[in-house]
Structures are given as C-alpha cells and as structure tokens.
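Next come the chains, spelled out residue by residue.
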Amino acid sequence: MKCTACQEVDSGGTLGSGLSRRDFMKVCTAAAVYLGLDASFGAQIAEAAAAKRLPVVWISGQECTGCTETLLRATHPTLEHLILDLISLDYHETLLSGAGKQAEEALEAAMKAGGYVMVAEGAFPTKDGGVYCKVGGKPIVDILAEAGKHAAACIAIGSCSSWGGMPSASPNPTEARGAGEVLKMKGVNIPVMNIPGCPPNPYNFLSAVLYFVTFGKLPDLDDKGRPKFAYSRLIHENCERRPHFDAGRFAEKFGDDGHNQGYCLYKLGCKGPETYNNCSTLTFGDVGAGSWPVGMGAPCFGCSEQGVGFTVPLHSPARLVNVTPPAFFSPIDGAKGGGVTAGAAAVAAAVVGAAVGAGLATSKKVGEVEEGKGK
Amino acid sequence: MSHEHKPVGGPLFTRMFAIALVFAGIGVWVLARRFMYGLGAVSHMSDGYPWGIWITYDVLVGTAIGCGGYAMALLVYIFNKGEYHPLVRSAVMTSLFGYGLAGFSIFVDIGRYWNMLNVLNPAYWNLNSVLLEVALCIAAYIGVLFLEFFPTFLEAKGGPGAAKGFNKIMFILVAVGVLLPTMHQSSLGTLMVISGQKLSPLWQSGLLPFFNVTTAILMGYGIVIFESYLSANAFGRPYETRILAKLAGVMPALLGLYLVVRWADLLMRGALGSAFSGVPALMFWVENILLVAALAMLAPAAKRASGKNLCTSAFVLLLGCSVLKFNMYIVGFNPGHGWTYFPSVPEIMVTLAIVAIEILAYLIFVKKLPVLPAPEHA
Amino acid sequence: MERREFLKLTAASGLLIAADALPAQASGAKELPPDAVGLLYDATLCIGCKACMVSCKQVNSQKGGALWSEGMTAPPYEFAGGAQIWDAPTDLSGKSVNIIQLYRSGSGTAKDDPSGYSFVKRQCMHCVHPACVSACPVSAMKKDPRTGIVTYDKDACIGCRYCQVACPWNIPRFEWDQAFPQIRKCQLCRHREEGKYSACAEACPVGATIYGKTADLRTEAARRLALPAGSSTRYPLGRVDSGRFVESKVARYEQHAYGLHEVGGAQCFVLAGVPFDKLGLPQLPEGAFAAKSETIQHTLYKGMIAPGILLAGLLFAAYRSSQDHE
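Residue numbers (my numbering), protein chains in the order written: chain S, 1 to 375; chain F, 1 to 378; chain E, 1 to 326.
Hints in this document: simulated from the structure, not taken from any laboratory.
Yeah, the Cβ is synthetic: ideal placement off N, Cα and C, and Gly gets one too.
Check before you lean on any hint, since a few could be wrong.
Unchecked claim - Pair ranges (Cβ atoms, derived):
hint : chain 1 : residue 1 : chain 2 : residue 2 : range
1    : S       : Thr311    : F       : Thr340    : 47 to 53 Å
2    : E       : Trp68     : F       : Ala293    : 53 to 59 Å
3    : F       : Gly338    : S       : Gly216    : 56 to 62 Å
4    : S       : Ala358    : F       : Trp29     : 23 to 29 Å
5    : E       : Ser107    : F       : Gly338    : 19 to 25 Å
6    : S       : Lys149    : E       : Arg252    : 44 to 50 Å
7    : F       : Ile289    : E       : Arg190    : 48 to 54 Å
8    : F       : Arg242    : E       : Asp155    : 53 to 59 Å
9    : S       : Gln261    : E       : Trp68     : 23 to 29 Å
10   : S       : Ser232    : E       : Asp277    : 35 to 41 Å
11   : S       : Ala358    : E       : Pro275    : 47 to 53 Å
12   : F       : Ile289    : E       : Leu225    : 49 to 55 Å
13   : F       : Phe153    : E       : Lys302    : 35 to 41 Å
14   : E       : Ser115    : S       : Pro313    : 31 to 37 Å
The following block holds chain S by itself, in its conformation from the complex (with noise of 0.2 Å):
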C-alpha cells in the first residue's frame, strides 16, 4: 500500500498542515540559523525543501522509540509537517498506518525505488548473528544493511544507533552497536551521519534533514560522525551555571540550598565537562530558558557521549577534557607590589641628587677657605 503520505507540495500558497509560506519562510530561517549558517540561507532551504520530497526510510533496532516521539516536540517544522511536506517518510514502523505484511511490502518498494535517505534508531544487536532482535522473522541487523546498500546516506539518530547507547550498556549482553558500525561489519559504505543524544534535540536531527535535502551532502563531521554545528562544543563551554563552577559554589546534595539556587551540578555527577552537545544554548520543548536537564537541577550523564552515557556511573565526578579557565585566574607571576611611579622617581632622583650635592658643596666649601685661609 502506498503511503498516503507521498504527494507532491501545492506549491502555490499555504502547505498541507496549514502553514503560511510566511511561516515556512521562518522555519527556513530559523533552521539555517541553527545550522550555523547565514540566515539568507532560509531562502535557499526553503526553496529546496519546497522542490521534492525526500524518500526516507526510517529502520528501527533495539529502540524505545524515544527519537521518534521527540520530533513530537518539535514545533518548526512540526512532526506532521515534515512527514506530510518536507520528506516522504517511505517507511517507518511507528508512524505507517498500515502493518504486518503490507508495511513489508512497502519497504521493498521503497528499496527498489532507491536515492533514500536511510535514519537509523535504536540499536543493532549482533550477537548470535542478530537473532535478538527480529523484524518479520529477519534480523533487524541485516534489514538495516539491505536497506543501507541502496540508500544514499544513514542518519543515525539517537545514541543508540550512534554508539549503542543503552543496549550497549555493560555487560551488552545482545552485543548492541551503533548502526554506522554494523554498517561497516556489513560492507556497506555509505555516508553516516551521527546525532547521538537520549533522545538528541529534535532540530539537530531536523536541522540536518534539512541541510541535506538543500545542499545534497551531509553537514560537516567531527570524527564521530556527529554534525560540527551541534557537537563540536561541551556543555561545560555553555552552560548557564559556569560561573558557579568557576567560583566555587556546588550543590552538594539534592534540595540542599545550593541546589535550590541553582549552583553547579558538577559535584552531583554532572557530566557536562565530558560531553559533547549543545542541550544548553538550544534547550528542549521551546519553553525557555532552562528546560534541559542542568537548568532543572538534574546533572547532565552525558547521554549523548559515547564512554560517559549508560557507562560511567551517574554521580561519580565527571573528567574535564579541556578546560578553558576564566581569565580572573590568579597569575603565578603577575606583576605585583608598588613599583616606581614618575614622581617617585623625580622625588628620590632629586633627593640623591640634592644630598650629593650637598655634600660636595660641603667639601668645595671647605676646600676654598683653606685655601682663602680663613672666613
């Protein structure tokens, strides 16, 4: 059965969800901001985005389906407006109306069709040739690597699929791995792209999407396939209780009157110096300042961070993996004390030069009246 979802945009005015071009234009805007790009960019998402949809195939492994309801929360674009306008989500277990047999049947199509964009969710469980997890009797690790061979590029989104997340946690009894690495155990070589986070933001993901479908090649990569204009800073860099941590003043333990004035987290386990993410400049939810994890009083675990996240325990003291020290830091030499000001120097001068003279003269004096000889 076809997805219903697969039509061509009415390009003339308002877009299937009921959104002006006005507002589409925002969104545009708004997400070629959040790209890191110039705003005058929006025009050229917008115009992209508006073309074609992109075909994507949405394969999900050992996921609780948190990825999937973030972009729930999204509001620019809303979930329906980026499954209804921006992409032709091809296939996608949760969100296709039809089941069983025709969901199949629409995931093969959508494969011979091919030029998708493949995202990942979840992890992929490679032990025992993948039989912990199954999707119509096949395992789901090799659905994901026939669907990567005709897909253009894997977006993996979630910790999960980025790294293995929580499944992977020790002692990773299914052998649980990221998709771009049971991509690659596969053969498969396909560009991936990582936004890992438990669930990440939804406008990393969206963000992405949308650089994609404007530019036809990922954003640029750190060397963990994470997007740089969303992972390239810690928390630690951005959070809005730095300067707690950079005086000293730490919640020691919950409801304690540093937690309720909001002090740094650090003491409590907060793994923000050690994780990669921009939860603190973007929040969640669109509701304001504070709606993440730290601003209401929670440490970050650093569940985006492969290494930190579902690994290190909770409260043990995060490490700092570069430190940027403010610049009130004392000095081992500074320069200090009260050195020699210019009338100090014309004072003292003048007095060792009077002095001198004085004695000198004293002399002269003396000279000259025993040569006069009496005066």
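Here the structure of chain S is known, so what remains is to put chains F and E in place on it, guided by the hints.
Structure of chains F and E alone, referenced to chain S:
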C-alpha cells in the same frame, strides 16, 4: 672639662629651619593619613616587599649614622684617646637623635603599634628572634644615649661643674653604650640571614653581622667628620681638621679589613656570577666602587691632612655604606613572582620629614645647649 | 699585666669564642610533632573549580577563623572590577588565605603538561621548622607542639612583618588597607569544632586536596608517585582516611613530593605533573634558613657569655680611662 662646650647661639628661625619645618609638616600630614587609612594608603610596601625605605633608611642607615657616639666612645673611653674628647658630646647628641628618630620610625612603620610594649614583656619574648634582640638593644641604647647626654642638660641649667657627680658613673654608661650597638648593629645584619635565597647571593652570607657592624662603625666616624665640617660651615666656626685627621687614621685599617673579608666571602661562595646582570648587580658595583674610593682617599696620611679631602672621603664613605645597607634590605631582596618595590612619593616624604626633624632638633639643641666645643678648644 | 695587653686578650678571646663555636651544620633539625596534620594537594586531580577557595573564605569568616574580624558582616570578598558579583582574588592577601593559581604555557591545552597548563593551590605549608615562628619577636607566630599547626595570635603581634621577610613562600599576608591591620594566613581551620577539619579538603569534589596526619599523607604521596601513569587507582576524598574514594586515572607525576624536604620539610605537600618552579614553588635547599639565623644568634649570645665577657672588658677599660681623665 665642662668649660669646653658652649651653645652656639644665634637666631633659631633661619631659612634652613623654615625649610626643615615645611618638610616636617608634610611628613606629619602623610603620617596622619597612614594612621587613619593604613600603611597601604601612603606607601608602596607590599606582601612581597614588607620592608621599605622606612626600615632601610630611617632605621638601618639612620642608626648607622647615629653610630657617631658609639664610634667616638670606642676611641675616647675604650682606647683612651682623650684628645678626641671635644668631639664626643655632639656625636652623642647626633646618636641620640638618630636612634630616637629610628625608634619613632619603627613606631610608625609597625602595623600594630598599640602592641609595641609586648616587646618589653618577657611573657612574649621569642629568644630565637633576631628582631627581638635588635628591638631590646635599641630601646636600651636610646636610654643609655639619653643618660650620656644628660650632663649637657645639667650644665645648661646649673652651669659648668653641674654634671660632675653624674660624670662619676659615666664609665658604666660608656661601657654599656659600646656593648649595645655592637650587639644590635651586628644583629641588624643577621636579620636578613633568615630571608635565605630571597636575598641575592651578592649579599646573603653568614657574615652579614660582621659587615653591618663594621660599616656602622665606619659610618660613625664618617658622620663625625662630615658633620663637623658641615656644622663649621653653617656656623662660621673654625675647622677641626687636625683632630679629625688623626681620627681618620683609624679608619683605613677597618675599611680595608671589611673589604678584604667581604670579597673573600664573595669569592668563596662563588657569588660573583650574579654580579654582571640586573639592577642589583649595578648597585653592587656602585657600593664597592664608593667604598674603595673612600679607602683610596683615606689611606695615605698626606691625604688625610687636607680638610677638603677628609670631608669628601667621609661623605663618600657614608654614601658607600648607605648603598650597602639599601642593597642588603631592598635592592638585593627579590621575593620572586613579579613583586616590585619603589617607594611612593608620600613614603619618601615621611623619610625626608624624619631627616628634617633631625635637622630641626640639631639646630635647636646646638644653639641652645652647650653641645659644641667652645671655639678656643677646637 | 698591662692594660693594653688585657684589652687585646679580651678582644681576641671574644672573637675566638665566636669563631670556634660556629658549627658547620645548622642548629638541630626539628622533629615532626606527634599528631602533626597537614594537606596533600595533587595538581593532577585539580580541576580548578575553586570550591576550596569559596569554602575556606566562608569557614574562616566564622568566629575564630583565620579571616575573622570583630564585627564583620560578610566574608571579605575581593571584587574584580566594578560589578560586585563574585569573589575574585588575584593572589593570597589579607582577605584570602587560600588560592588556586593557573600555570599556562602560551595557549597550552594539555592538562598537567609542562607545555600545556596546570593548577596549583597555595596556602601556608606549616613547616616543620617555620621561619616565621623563628623570626617573630613576640611569639605571635607559634607552632602548636602537638599538631604542628603554625598559629597566629593578633594580640601578641606588633605588625613588624618580619614573618613576611622570613617566609620562603611569601605566605603571611598583611592588611595594608586597614588602620588596625593583622597578618593573615591559613591555620588549617583549627577553629572548627571537634571532628571537623580543613574546609578546603572537605569541599574538594575530586580529592585534589586532602587532609590528614602528615605521616599518612607522606605515605599516600609516595604511593601515588610509584603508580604507573595511565593506570587506574582510588583517590581518597576529604581526609586521607575518610573511606570515601573516587576512581581516576593516574597522571604522569614529577617524581618529587614538594614540601617533603624543602627548608627542613613541611606538613603540607604538593604533587604535580609540571615542574614545581613553573607553579611558583621554588627550588629550596634542605636546611631551614631559620636554623642558620638561630645558629648565629645562639653562638654569639648563648647564655649571654660573650656579651658578658665583652662588657667586663669594656667596663674595665672605661673605668681606667675615666680615672685618667680626672
């Protein structure tokens, strides 16, 4: 003996007096601010340089200048050179002023001056402290100097002969008045030993006490000579060159001994490596060149016969020894970590005020009391 | 015997006594007191959060603390610039007796690397043979005979600042801006109630500063220095014997516990991954300078024997000369 001294007389409010009064006034105003707002408000002393020119000049150099009495007592009463006797009284007076004002400088320099009397309380004494010994000796010595000078007051009131009874016990005061400065002037040198490597190797040495006491004695003779000529010029009195030349005869040996020991110490410690870069190195050479020059001017007997030369050499000696003491306490002292020190203008003004007060006191005493030798005894 | 001969003898014997008695070694090395306590600071663990500075200032502003003054209404904050937002001391001072400083080589970004950056904590080292205690004329600086803590008593202090001249680390700080100034320095929070210990160690979230018996701290320092870099170990939090630990990777240490031998040794130590002189901790000899100063004083004045002999000689000479003048 008591016929030998007479007040100089003459008007008190001369131009010199007025100028000194102005400087003294400025100093008093700065000190008022010091007491109201703290030491940091008027001086450049800091945690890196806790001692500045008030300690270095007013106390260290000031007491060395005040060693005239000490130096003369050594000669006249210990080595029994009675011919120098006419010089003693003014030397003792200068010493009294020098030490008295040093005591005053200490009072304004220390932060918790209201606890000053703790120093005299054995319950607080730390017998390991060099500074305790310095403080007690100086306090005692001021008392001794005052008593040594007391005959002058007695004679001013009751005429010559009024001090005859007092003079009978003078020998005790003299003996103590030679012991005490020997102790505290050497300890003023020992004071810097504890600063360890904060004091440049050009000065840091176990022989610091020896260096400080010998230069203090030398400054004592130096000031006696220089002050004699200065005073004679000021009051139009005849020079005392004959007696001063003989006095100067004892100096070359002591100065020579000092220089030999100083340089032997430098060479044995291998300290000369520091003598060739930086401001301390420059001041090191200034110090030694001045002292060697003074020696060159004092050593030949023929040179000592010239009043002009005597005056100049005494002045150069005073300068050289003063530079040494500044080097020991400030110039050579480097606590590291970017600390710097140079006195502030108000700080310098206080030091000048102390000098001005000394001049004022000198003028008053010399004109009103029988301090200077009567002209026929010169 | 002629008077001249007598005088020569007196002088000579005085000198001989002085010269002979000056031993080559400094006067007796001091022992560590029985319950000596101190701090161990590990720069490789320090994250520069300055919780120790905040805690120190807060706790020491309580009655009897090192920063306390009669009638104070708030801890003595030092504000940088106009907006009085937070405490930003630039060095130890009359208002800060504990400070975290930063060493940075250029724009270095590698922690505990000589070409990168490192933190260092400065506070009183509570020396075994403290120069300040030796220097103070009125015993305002005293070393507790049991705990070894170097304490300050403002009621004895005359504000002469000789302790500042004497300290090789320039630790004692003076209140230059006060009309009634004191000396201020760390006193290991001795004013806190029984069972509580140094606030800096208590506050440190990562165990960079720990408190404990000096003997135990020495052992812990040696243990750390012996561990291979990159291995994992448990670092105590708060006190060396607290039983609370944080697991962390061992950094590459400079193979020396600073404070162990410097100027007679101290009760507080520093470990770092960067040469100590870069952290403002100078290379110092093993002998205490105070010992040298005391040796000179005691040699010259022990039992006042030498001055006594000198005085006897002087009295004799002065008496004789005064008779001559009669």
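For each hint, the structure was consulted:
About 52 Å separates the C-beta atoms of S/Thr311 and F/Thr340, a value consistent with the hinted range of 47 to 53 Å. The beta-carbon spacing between E/Trp68 and F/Ala293, approximately 56 Å, falls within the hinted interval of 53 to 59 Å. Between F/Gly338 and S/Gly216 the CB atoms are about 57 Å apart, so this pair conforms to the stated range of 56 to 62 Å. Separation of S/Ala358 from F/Trp29 is about 25 Å and conforms to the stated range, judged on CB atoms against 23 to 29 Å.
Between E/Ser107 and F/Gly338 the C-beta distance comes to about 20 Å, which sits within the given range of 19 to 25 Å. The hinted window of 44 to 50 Å between S/Lys149 and E/Arg252 holds, with their beta carbons roughly 48 Å apart. For F/Ile289 and E/Arg190, the hinted distance range of 48 to 54 Å is satisfied, since their beta carbons lie about 53 Å from each other. Between F/Arg242 and E/Asp155 the beta carbons are some 57 Å apart, a value that agrees with the proposed interval 53 to 59 Å.
One distance hint, 23 to 29 Å for the beta-carbon pair S/Gln261 and E/Trp68, holds here, with the actual separation near 24 Å. Separation of S/Ser232 from E/Asp277 is about 36 Å and conforms to the stated range, judged on CB atoms against 35 to 41 Å. The supplied range of 47 to 53 Å is met by S/Ala358 and E/Pro275, whose beta-carbon atoms lie about 51 Å from each other. The hint said 49 to 55 Å for the Cβ distance between F/Ile289 and E/Leu225, and at roughly 51 Å that hint holds.
Taking the beta carbon of each, F/Phe153 and E/Lys302 are about 39 Å apart, inside 35 to 41 Å as hinted. A beta carbon spacing of about 33 Å between E/Ser115 and S/Pro313 agrees with the range 31 to 37 Å that was offered as a hint.
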